[in-house]
Amino acid sequence: MLDIKLLREKADWVRERLATRHGGDDARVNEVLDLDERRRSALTEAEQLKAQRNSASKEIGALMGQKKIAEAEARKAEVRAIGDRITELDRLSAEAETQRDLIMAMIPNLPHASVALGRDAADNPEIRVHGAPREFAFKPLNHIELCERLRLIDFARGAKLSGSGFLLYTGWGARLERALINFLLDLHTHEHGYSEVAPPFIIGEHCMVGVGQFPKFRDQAYAVQEGLDASTLGKLYLLPTAEAPVANIHREELLAEAQLPIRYCAYSPCFRAEAGAAGVGTRGMIRVHQFDKVELIKVVSPETGYAELEAMVLNAEKVLQLLGLHYRVINLCTGDMGFASSKTYDIEVWAPGQGSFLEVSSCSNTEDFQARRMNLRYKTSAGENRFPHILNGSGTALARLFVALVETHQQADGSVAIPEPLRPYLKADCIPAGA
RNA sequence: GGAGAGGUGGCUGAGUGGUUUAAGGCGCACGCCUGGAAAGCGUGAGUGGGCUCAUACCCCACCGGGGGUUCGAAUCCCCCCCUCUCCGCCA
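Numbering (my numbering), first residue to last: 3 to 437.
Just so you know, not all the hints are guaranteed correct.
[Claimed, not checked] Cross-link-like lysine-lysine pairs, in silico, BS3-like; alpha carbons within 25 Å at most:
(1) K78 to K60
(2) K218 to K7
(3) K7 to K381
(4) K218 to K237
(5) K237 to K320
(6) K70 to K52
[As the list claims (entries may be wrong)] FRET-style restraints, in silico, Cβ to Cβ:
(7) I129 to E49: 45 to 53 Å
(8) A64 to E18: 38 to 46 Å
(9) E18 to S383: 32 to 40 Å
(10) G173 to L119: 18 to 26 Å
(11) L119 to E49: 41 to 49 Å
(12) G173 to V199: 43 to 51 Å
The hints are simulated quantities; they were obtained by calculation from the structure and are not laboratory data.
Note that CB positions come from ideal geometry on N, CA and C, so glycine has one too.
Please work from the sequences and hints to get the whole structure.
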C-alpha cells in the first residue's frame with residue numbers, strides 16, 4: 003500500500019513512477035484522490051457535528067441532574083436531528099474510505115530510483131556471473147532422465163496421487179531433498195545470522211493481503227475449506243511461499259527500534275495453482291504446484307533497507323557457491339518487478355540438461371509497502387512511529403536447485419557427485435548409479 | 001463440537017447509562033530535593049484520523065472486532081474472534 007499522503011502531495015510524480023512498471027499505467031490514482039477528497043469533506047463535517055452533539059449531551063446530563071426534565075427533553079429533540087445528519091455523513095465517509103482503500107490495495111509499489119527502466123525480462127540488467135557452464139566429456143542427461151534412472155522421483159505416481167505438477171520423491175531423491183533443506187537452514191542460521199521459524203502452512207487471508215498476494219493474485223492460490231462446508235471457503239489458503247506467514251509475524255505490532263533488525267529464515271512447502279500456465283514447461287520439476295523452499299525475511303529500518311538487500315542476495319548466492327553451481331544475478335527492470343517490490347534481484351542457476359538458467363531465488367525490498375498493508379511499525383528512539391522496510395528472498399527454492407544440482411554433478415558412470423558441504427547431510431558422497 | 005469463565009492503557013486493576021477529560025497502584029520519562037542515591041513531592045506521557053506551513057493549537061474516534069438501542073455506551077442488546085478451565089473427539 004502506498005502512502006495516501008504521498009498521492010495527495012505528489013500525484014504526478016507517483017503516476018510517472020507507476021507508469022514505468024507493468025500494470026502500473028492503469029493505476030487509478032485520480033479515482034483514489036477523488037474518493038479521498040469525498041471522504042475528508044464528509045468526515046470533517048461529521049466531526050464538527052459530533053463535537054456539537056457531545057457538548058449538548060453533556061448539557062442534557064446536567065439538566066437531568068437538576069431535574070429540569072422539560073428543558074432536557076427539548077434539547078434531546080434538537081440533538082436527535084443532528085444525529086440523523088451524522089449517521090448520513092458517517093455512511094458517506096466510510097463508503098468513500100472503503101472504496102478508496104479497495105483501489106489503493108490494487109496499486110503496485112513504486113520502483114526504487116536505482117532500478118533500470120524496461121518493459122520485460124529482456125531488459126533486466128545482469129549484475130554478475132559466478133563460474134561457467136560445466137563442460138561435459140559425455141552427453142549429459144536432463145534431470146527427468148536422471149531422476150527416472152536413479153529413481154529419485156516417480157513422476158507418474160506423483161501425478162497418480164495428485165495430478166500433474168505434483169512430485170513423489172523416492173529413495174535417494176527424498177533423502178537429497180531433505181538433506182538440502184537441512185543444509186540451507188543450517189547455513190542461514192549458523193553462518194548468516196537468521197533465526198529459524200517454522201510457520202503454519204495454511205494461513206489466513208489477511209496474511210495474503212499483507213504481503214500483497216491478494217487481492218490481485220487470488221486465482222494463483224489454493225483456497226482450503228473445512229470438509230464440504232462452503233461457508234469456510236476463502237478464509238484460509240495454502241501458502242504460496244513462507245514469505246506470507248513469516249513477513250506477517252509482527253503484523254499490527256509496534257516494535258521498539260532496538261528489536262531491529264529482525265532476520266528470519268523458514269522452511270516450507272509452497273503451493274501454487276499456476277492458473278493460466280498449464281502446458282508451459284509442465285514436464286519435470288521446473289514448474290510444479292508444490293515445491294519446497296527456504297525463505298529469508300528481514301524487518302529493518304529504512305536507512306539500512308538496501309544494504310540489507312545486498313547482504314541477503316549474497317546469502318542466497320552462498321548456497322550456489324557451496325554447491326559448486328554456475329549462476330548469474332540479475333536485477334529486475336521496472337516492467338518485470340513483482341507487485342509489492344521496490345527492487346528485486348533474481349538469482350538464476352545454470353541447468354546443463356536444460357541448457358538454460360533457472361530462477362532459484364528472488365530477493366526483494368518492499369520498503370514500507372508491506373509494512374503499511376499489515377500495519378507493522380516501530381518506534382524510534384526519538385519517539386516517532388515509522389514503517390520498517392520488509393525484505394524477502396528465497397534462500398533458495400528447492401526443486402530447481404535439485405535440477406541444477408543433479409544435472410551439473412552427473413558423472414559419466416551415471417552417478418551424481420555430491421558437493422562436499424552437502425555430504426554430511428546426505429551421509430554419502432554420491433548418489434550411486436545402480437541405486 | 002459441548003459447558004463455563006474471561007478479554008479495559010507498558011503492566012496490574014476499578015468501573016452495569018451522564019464531572020470518566022478511563023479511578024487507584026506499579027513501572028517509565030523529566031524536574032525538585034540530595035554530597036550521591038533511595039524515599040518523598042511535582043509534572044508529563046497512548047494510537048489513528050481531521051484541520052493546518054506546523055511534529056503548535058483545536059476537534060473526532062479508539063476499553064478484543066463488528067453492528068444496534070439512546071440526546072449520550074467501557075457499561076444495555078445482537079453477531080463474530082481470541083484466551084483459559086472442564087468434557088467429547090483425536091495424531
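Okay, the hints, checked on the actual structure:
1. Between the alpha carbons of K78 and K60 the distance comes to roughly 11 Å, so the proposed pair stays at or under 25 Å and holds.
2. Taking the CA atoms of K218 and K7, the gap is about 23 Å. The hint holds against a cut of 25 Å.
3. As the CA atoms of K7 and K381 are separated by approximately 20 Å, the hinted pair is consistent with the 25 Å bound.
4. Only pairs whose Cα atoms come within 25 Å are accepted, and K218 paired with K237 is accepted, the gap being roughly 16 Å.
5. In summary, the hint linking K237 to K320 is not supported, as the alpha carbons are separated by about 38 Å, beyond the 25 Å threshold.
6. A threshold of 25 Å between alpha carbons decides the hint, and for K70 with K52 the separation of about 24 Å falls inside it, so the pair holds.
7. A hinted range of 45 to 53 Å for the beta carbons of I129 and E49 is consistent with their spacing of about 52 Å.
8. Evaluation of the 38 to 46 Å hint for A64 and E18 yields a failure: the beta carbon distance comes to about 57 Å.
9. Range check, E18 to S383: Cβ separation about 35 Å, and the 32 to 40 Å hint holds.
10. In this structure the hint that G173 and L119 lie 18 to 26 Å apart at CB is violated, the actual value being about 49 Å.
11. A C-beta distance of roughly 44 Å is found between L119 and E49, which places it inside the suggested range of 41 to 49 Å.
12. With their beta carbons about 30 Å apart, G173 and V199 fall outside the hinted range of 43 to 51 Å.
The structure fails to meet hints 5, 8, 10 and 12 from the earlier list, while all remaining hints are met.
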